[in-house]
Amino acid sequence: MEGIIEYFKSMGERAADGSLIHPFGITIQALGITAGGLIGVFATLGIFFLMIRVANKISKKAE
Amino acid sequence: MQDVFIGFTSITWKMLLMYGIGGILIWLAVKKEYEPMLLLPIGFGAILVNMPLSVVWEHAGSTGFLKILYDLGIATEIFPLLIFIAVGAMIDFGPLFKNPMMIFFGAAAQFGIFATMIIATLVGFDLKEAASIGIIGAADGPTSIFVANLFAPNLLAPISVAAYSYMSLVPLIQPPVIKALTTSSERRIHMAYHESNSPKWLKILFPILVTMIAGFVAPISVPLIGSLMFGNLIRESGVLERLSQTAQNELAYLVTLLLGITIGASMSAENFLTWKTLLIMGMGLVAFVFDTAGGVLFAKFVNLFLPKDKKINPMIGACGISAFPMSGRIVQKMANEEERGNIILMHAIGSNVSGQLGSVIAGGMVLALVPLIFIAVGF
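Note that the protein sequences, when read in sequence, are chains A and B.
Residue numbers for the first sequence follow numbering that gives the first Met the number 0, beginning at 0 and rising by one.
Residue numbers for the second sequence follow numbering that gives the first Met the number 0, beginning at 0 and rising by one.
In short, the hints are calculated from the structure, not lab data.
Worth double-checking, as some hints may not be accurate.
[Claimed, not checked] Derived DSBU-like pairs (lysine-lysine); straight-line CA-CA distance at most 35 Å:
hint: 1; chain 1: B; residue 1: K310; chain 2: A; residue 2: K59
hint: 2; chain 1: B; residue 1: K178; chain 2: B; residue 2: K275
hint: 3; chain 1: A; residue 1: K56; chain 2: B; residue 2: K97
hint: 4; chain 1: B; residue 1: K309; chain 2: A; residue 2: K60
hint: 5; chain 1: B; residue 1: K66; chain 2: B; residue 2: K275
hint: 6; chain 1: B; residue 1: K178; chain 2: B; residue 2: K299
hint: 7; chain 1: A; residue 1: K59; chain 2: B; residue 2: K199
hint: 8; chain 1: A; residue 1: K56; chain 2: B; residue 2: K299
hint: 9; chain 1: A; residue 1: K59; chain 2: B; residue 2: K309
hint: 10; chain 1: B; residue 1: K97; chain 2: A; residue 2: K60
hint: 11; chain 1: A; residue 1: K56; chain 2: B; residue 2: K309
hint: 12; chain 1: B; residue 1: K199; chain 2: B; residue 2: K307
The following block holds chain B by itself, in its conformation from the complex:
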């Protein structure tokens, strides 16, 4: 008789709390439209995996469908790489080619990764866990999943949730940080934009050369950068329009759907409801704040050396974060609010696509350097 009611009798307060967390994620997706394509499947996955007996994960010796998906797509790192092919097919590096200086903001705005990693070691995480938490600052879900899966698979769920949640909250996080670090006159700086077309051969060669150079500098980053650049090569080749469209649409939607629900399924109550999750959520916010600050302060530093008529609007620095194209749009909106008709969108997008490159390269650097330190200290 007891078996009949096992679904009710096995409910714990932790499971109820996870239903609440799943419900909040779904609410954010539906009501606030914060990254709905990811937060909704993650929220529902969190509810599914915490149902009594957890049949979708593993029960009575048989593997559930979400664990099969997890083993196939996350443990093997296939899902984040497929997403990168789709993202690569969506990126137009044209604005960057017109103003290549913007590429350095894609580097400066990775500061949050490293600052957060240092803070994480100070609050007691080991080096691999700290590096995985820092990567939330890449503002790039697939890179966060890729690094966390290698270095701290036990923290994958909170890191992924933090990465995607804060990416969706970029419109709330960035403006106050930008305003705190810039004056009104700095935010009103105009930037000239010269309309010119980049040569097609550059657009085709760029993804190939970027892959090769990144592969020489940090070979371990090749799966990440290679997938991103493969997608971009399909787009720019001009002869694979259907494949490009498939990557940007069908592939992106399908893998995002599976990735979201699988990440949600890794949020079992025992794994997720720990003090570490709270710390990771807090440090994720710190990472995004430091990213924004790093980009803005670097732009202000560069301005010290530029003539008066060539100054950069320091808000552009904040777009070096990889949240594409949201960050670029926010900065344009802020520029327009500060002075009607101030158009800096193309520069902002140039900086924003650089952030895509910067975050993957930074992820590769962390992947390469952490094991080197471990070898050096003899662990």
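Extracted from the complex, chain A is given alone in its bound form:
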């Protein structure tokens, strides 16, 4: 985790004139958000999927 944070910190480093030291720094941060965001959306909806499947099974058994 520390390594990841250090990596992102280095991506956000700016020179004295305010320009980014790594020109694609913000884009790489956006890639990080993309990876985290897509995993998060799939995982969260995956939990909802399991919830519905379990509920459907319980209801079928009850019938």
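Since the structure of chain A is already known, use the hints to place chain B on it.
Structure of chain B alone, referenced to chain A:
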């Protein structure tokens, strides 16, 4: 004497251009019936705020009525949340409960949000602005307004206009993308539908559990998902029929009316007529195209692992976009055009309501992750 004619002498070319833009939005609403409930008030709001002296916004130290509405409803984010209560009361998750697999298309079709965010950083927007522009791909006006208001209030007007305009243009945007990515035989795939009723306790528990899980995963998304699910709980409880009807009708219409004119009022010429607006409009289209492509390609990927008789019509993936129920209807129309009598509507609607969930969760993810990145890089 000059004061008498101040209304005429203070007109600028930018104001005239904004009247034209307002007029186009009203024309699209009236003539083409593209999201008329929103585009008409937005168009008229754009004209109102660009009238000489801008009395409806702020003049001679006094606050105009549209700025009061803006401060009350948009700056506090109350309007989008009230709209979500209404939308929640309109959603029937029944088709999703019958085929829960559809929920994953609601995730895949959020791809446009993230792809657009990356593109926005490449064309020079900072991370918060890029995230707000990407959220146009949620195909969900309230989520776009909510995120843009937090991250890039200066871009709220073009982002809202792009979100609502492209939502109304879904019937024109999606079919060519779907056709480009699928073969005719794929579009003719039939999907069996089994009629069964979901238990009532599931319909009641679902909005409560969704709120709790989303709240644990991304606490910052609770206002969005909580409002949506509150509306849905009112609907499904079965004991609040009048409240449900009020949310679906009176509340929805009233807040939509106020939201539209207030968004229009944020389109002052100085804020709106910039190169950024043009870029945002272009990237909004990119977001919708990538959303559609993400959903369709994910369905094709899933088909690789399914037996021949259980294949999914990949057009269903495109319905994972949150434009409900327009997207589902378009896909059904395309399926019927490809082969008369091919009914995939219920699957399409299941995927479409998943898109509603997916877009709000994706909005919550962006709201949670962008500040985390900022903390990590020490801004």
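*Which hints from the list above does the structure break, by number from lowest to highest?*
none
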